[in-house]
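For the protein sequence lines, the chains are G and W, in the order given. Under my numbering, the first residue of the first sequence is numbered 1, with each subsequent residue one higher. Under my numbering, the first residue of the second sequence is numbered 337, with each subsequent residue one higher.
Wrong hints could be hidden among the right ones.
Unchecked claim - Examples of chain W residues toward chain G, derived with CB under 8 Å:
# : residue
1 : A367
2 : D550
3 : T554
4 : Y556
5 : K558
6 : H569
7 : N573
Said to hold, decoys possible - Lysine-lysine pairs mimicking DSBU-like chemistry, simulated, CA-CA at most 35 Å apart:
#  : chain 1 : residue 1 : chain 2 : residue 2
8  : W       : K465      : G       : K61
9  : G       : K60       : G       : K135
10 : G       : K152      : G       : K135
11 : G       : K60       : W       : K465
12 : W       : K408      : G       : K84
13 : G       : K135      : G       : K114
14 : G       : K61       : G       : K84
15 : G       : K152      : G       : K114
16 : G       : K114      : G       : K61
If you are wondering where the hints come from, they were derived from the structure by calculation, not from laboratory data. Ideal Cβ placement from N, Cα and C applies to all residues, glycine included.
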Amino acid sequence: MTDLLTVSGLVTEFTTEDGPLRAVKGVDLTVRSGETVALVGESGSGKSVTSLSVMRLLPKKAGRIAAGEILFRGRDGTTRDLAKLNENEMRRIRGNEISMIFQEPMTSLNPTQKVGAQIAEAARLHQHLSASAAKARAIEMLDLVEIPDPAKRADVYPHQMSGGMRQRVMIAMALACNPALLIADEPTTALDVTVQLQILELMRRLQREIGMGVLFITHNLGVVAEVADRVAVMYGGRIVETATTAELFDHPSHPYTRGLMDSLPKVDHAARARGEATPLRAIPGSVVDPRFPPRGCDFNPRCGFAVDECRAAVPDMATVTEAHLTRCIRWEALNG
Amino acid sequence: MSLSYLLRRLGGAIPLLLGISVILFAIIHLAPGGPLDMYLENPSVSPEAIEQMRTAYGLDQPVPVQYFLWLKSMLAGDWGYSIRTGKPVLSEILNRLGPTLQLSGLALGFAFIVAMPLGVISATRRGSKLDTGLTLFSFAGISTPVFWMALLFQLLFSVQLGWLPSAGYQSVGDGSLVDRLRHLVMPATVLSFAIIASWSRYIRSGMVDVLNQDYIRTAYAKGRTEIGVVVLHALRNAMIPAVTVIAVDFATIISGAVITETVFAWPGIGRLFMEAMDGRDYPILMGLMMLGSFGIVLANVIADVTYAALDPRIRYG
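Put together the whole structure using the sequences plus the hints.
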């Protein structure tokens with residue numbers, strides 16, 4: 001597998017009334033073609049800003065990439081740094097070689113255009129298809145995302161569809177130009193649980209067929225286990241742990257990752273039989289306020305393992321196994 | 337949308353128009369003076385003659401009786417006769433309709449063409465110096481009284497520069513197209529100023545709202561340029577809230593730009609209204625105001641029809 005996307009040292013800043021605010025503080029991330037990498041974290045961890053940086057869709061004026069490289073290997077085999085492309089060059093990549101699916105299928109589609117036209121739009125734009133060829137492509141895409149009666153559904157407006165159907169339309173839209181990389185920003189968060197599973201299965205099937213790389217952004221570890229080959233956990237604008245999915249679930253080696261896993265609701269059947277409730281184990285404290293980050297490790301104020309050294313400097317990534325890195329100096333104590 | 341829906345909507349306006357007619361009739365008769373006052377100081381008209389006219393016009397009757405007499409003939413399609421000129425109300429109004437349509441048509445068309453890009457540019461560059469400048473222009477346009485701006489224009493373009501005639505519909509002995517256009521330019525510009533100022537604000541706020549929507553980000557993610565996003569995805573959605581204002585403004589201005597027409601001595605509906613006001617010409621006033629009210633009702637129906645055309649989520653049964 002070749003490296004499709006290699007982000008290194010990415011720093012993204014926002015201009016605010018209180019001065020510059022660093023949302024992403026040096027992120028390294030690799031996505032290979034055919035692979036799904038999950039970027040996991042709470043709201044405010046910087047995961048969405050990372051994805052918008054890759055797409056170069058940060059809010060104009062307010063947001064900017066302050067440092068780092070975003071190397072992307074295009075269809076023609078050349079590798080370019082997306083952080084340095086101008087808007088015109090970037091535009092030819094968006095929706096064409098890199099596509100994005102958003103969280104809110106209810107509001108991410110234009111309410112005044114038929115879904116067929118919205119799906120065909122990218123193909124018309126990048127592949128210069130004729131109106132009839134684009135329509136045919138839209139119907140083909142609707143069929144691909146398993147929407148029944150696609151020819152008829154192409155002429156329907158978004159409000160005439162359910163949330164799950166609309167997310168299928170969003171996926172069809174994103175895949176219309178056969179992108180090499182798909183960025184999915186919490187694509188199932190707004191959906192019912194049963195629909196979530198259908199969408200995840202659909203995405204998995206399409207990835208196998210198309211062979212694209214997927215950067216899957218989520219806060220839901222259940223979804224991670226379902227879709228990801230590898231996982232990167234983000235906290236306070238940095239990646240704190242990265243490993244293959246199996247390795248991460250078997251040996252979580254960062255206190256934050258462990259806290260996330262412990263906070264998944266579990267049912268203790270023995271306790272239930274005794275009539276006792278199973279306590280929900282939350283991580284104490286609250287997420288980093290990016291205006292006032294703590295000294296040293298971002299997680300140390302909430303960490304049960306923190307020692308003085310943790311408050312001295314931001315730890316470097318430590319190697320647990322070859323493909324398993326953690327930004328924790330106490331990971332051995334954690335596992336011991 | 338069906339024809340029956342449209343007919344129902346317009347039919348629903350009948351009680352409304354009846355109510356409006358009662359109120360208007362009452363207010364007009366509450367105003368001091370009457371149509372025959374102009375003869376009071378004329379020594380060649382005897383008090384007996386005035387009394388005779390009063391009886392002839394039915395002005396000696398109580399106001400409610402006068403109203404029902406007016407309503408009865410109106411329902412029969414008889415708009416009555418102007419007390420001042422003695423001519424039929426309908427032909428008086430129709431005579432003035434042409435100049436008003438020329439003036440308001442030009443002003444509204446121009447306003448629409450200018451206000452749309454101004455609003456869009458302001459919204460897409462919000463917070464910039466250009467946006468601030470356009471905002472200032474808008475507030476100046478909204479706050480400047482039309483009669484004052486008209487006087488400034490006359491001072492500059494007629495008195496100082498001598499480029500354009502200061503008032504009137506055409507020069508005496510000249511009725512050529514060029515001559516009439518030269519008379520039309522200044523009032524149309526003045527009239528359009530305030531409309532541009534207000535419409536561009538509505539379009540700006542609609543646009544700002546739409547540009548923050550998720551589907552705009554989706555369009556950018558497809559690789560659209562900013563112009564592509566604005567024209568293909570934002571504009572139609574942004575126009576929806578502005579439609580009502582634009583439609584009702586259309587109706588108001590077509591039913592007579594009273595001040596502009598008065599200052600520029602433009603022989604349109606607005607000035608007819610002014611003249612009828614001065615002379616307490618009840619039949620003309622009632623005719624004009626009923627037409628205006630109907631125009632507003634019609635404009636609202638047109639606005640609703642336009643909504644449905646712009647927004648597929650809106651359907652009327």
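Proposed proximity, K114 (chain G) with K135 (chain G) (alpha carbon, max 35 Å): 11 Å, holds
Verify the proposed pairing of K60 (chain G) with K135 (chain G), using a straight-line Cα cut of 35 Å. It holds: about 33 Å lies between the C-alpha atoms, which stays within 35 Å.
Is the interface hint satisfied for D550 (chain W)? The criterion is a beta-carbon contact with chain G at less than 8 Å. 4 Å, holds
For K465 (chain W) and K61 (chain G), compute the direct alpha-carbon distance and say whether it is at most 35 Å. Distance of about 14 Å is within 35 Å: holds.
Does the alpha-carbon distance linking K152 (chain G) and K135 (chain G) stay inside the 35 Å limit? 11 Å, holds
Hinted contact K558 (chain W) with chain G - closest CB pair below 8 Å: 4 Å, holds
Is the hinted pair K408 (chain W) and K84 (chain G) satisfied, with a Cα-Cα distance of at most 35 Å? 79 Å, violated
For the pair supplied as a hint, K60 (chain G) and K465 (chain W), confirm whether the alpha-carbon distance does not exceed 35 Å. 16 Å, holds
Interface hint status, H569 (chain W) versus chain G (Cβ within 8 Å): Given a least distance of 5 Å, the restraint on H569 (chain W) holds.
35 Å Cα cutoff - pair K152 (chain G), K114 (chain G): Status holds; Cα separation ~11 Å.
Holds or violated: K61 (chain G) to K84 (chain G), with C-alpha atoms at most 35 Å apart: Distance ~16 Å between K61 (chain G) and K84 (chain G) Cα, so the pair holds.
Does the alpha-carbon distance linking K114 (chain G) and K61 (chain G) stay inside the 35 Å limit? OK: K114 (chain G) and K61 (chain G) at ~32 Å, within 35 Å.
In terms of the numbered hints stated before, the structure departs from hints 1, 12, listed from lowest to highest.
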